[in-house]
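Colleague: Work out the full structure, taking the sequences as your base and the hints as a guide.
Number of protein chains: 2
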Amino acid sequence: ASPEAYVEYRKQALKASGDHMKALSAIVKGQLPLNAEAAKHAEAIAAIMESLPAAFPEGTAGIAKTEAKAVVWSKADEFKADAVKSADAAKALAQAATAGDTAQMGKALAALGGTCKGCHETFRE
Amino acid sequence: ASPEAYVEYRKQALKASGDHMKALSAIVKGQLPLNAEAAKHAEAIAAIMESLPAAFPEGTAGIAKTEAKAVVWSKADEFKADAVKSADAAKALAQAATAGDTAQMGKALAALGGTCKGCHETFRE
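Here the protein sequences line up with chains A and B, keeping their order. Letter 89 of the first sequence, counting from 1, is numbered 89 in our numbering, and no numbers are missing. Letter 39 of the second sequence, counting from 1, is numbered 39 in our numbering, and no numbers are missing.
By construction, these hints were calculated from the structure, which means they are not laboratory data. Hints may be right or wrong, so weigh each one.
[Stated by the list, open to error] From the structure, some residues in chain A lie toward chain B, with a derived Cβ separation under 10 Å:
hint	residue
1	Gln12
2	Gly18
3	His20
4	Glu43
5	Ala47
6	Glu50
7	Ala55
8	Trp73
9	Lys75
10	Gly113
11	Gly114
12	Thr115
13	Lys117
14	Gly118
15	Cys119
16	Thr122
Quick caveat, the model's predicted, so the values are computed rather than measured. Cβ atoms here follow ideal geometry from the backbone N, Cα and C, with glycine treated the same way.
Modeller: Below, the structure is given as structure tokens:
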């Protein structure tokens with residue numbers, strides 16, 4: 001597999017996560033009464049986060065349009081831990097959505113966004 | 001919920017599906033040895049397809065940037081059936097990916113793409 005293919009893949013996966021987050025915030029803000037759908041979007045984000053480390057193999061640093069910092073590889077364990085944190089936060093949001101607990105959904109969405117932000121600050125240019 | 005919010009929501013959900021399809025085709029073409037991840041992308045598409053009908057309520061035809069044809073509502077049952085077809089095709093792809101059956105993954109991805117195409121021909125401008 002070409003290194004560029006991994007970069008293209010992870011950028012698409014993260015873009016899809018962003019699209020799921022937009023859908024989730026519209027639902028959590030009450031713009032859309034789609035709680036059942038919110039759980040599916042949160043689960044989709046969890047699935048992507050669980051796939052993320054596999055999309056950053058050795059040898060795909062500093063190429064093509066990657067914005068991944070070298071620390072993704074020098075601190076690989078921390079990177080994996082951050083991906084797990086996002087996956088877990090997304091699953092917590094899915095549970096709140098399934099339970100129809102809108103107050104909890106708001107907190108869980110903010111917590112999920114926080115895990116994305118934290119990982120981006122450390123690992124993205 | 002404003003009609004525009006539903007249009008924005010479904011466009012994002014379908015864009016995320018497209019991103020998942022791009023990831024899947026890179027994997028199925030052997031550009032990326034990420035079969036385990038392929039199952040997650042296929043499951044994400046299935047989840048979105050199961051949510052789709054809820055994103056097309058009455059009163060959201062012909063507004064904002066929607067490309068949905070009026071037939072989405074005049075043939076609502078057929079529209080729902082097409083969404084189910086896509087969800088089922090995505091789940092079949094997820095199973096092939098989990099089984100690591102690359103030949104079957106290729107067939108299942110083509111079949112999934114066919115269900116998207118069929119629905120777009122009937123229901124999208």
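Colleague: If you test the structure against every hint from before, which numbers come out violated?
Modeller: 8, 9, 10, 11, 12, 13, 14, 15 and 16
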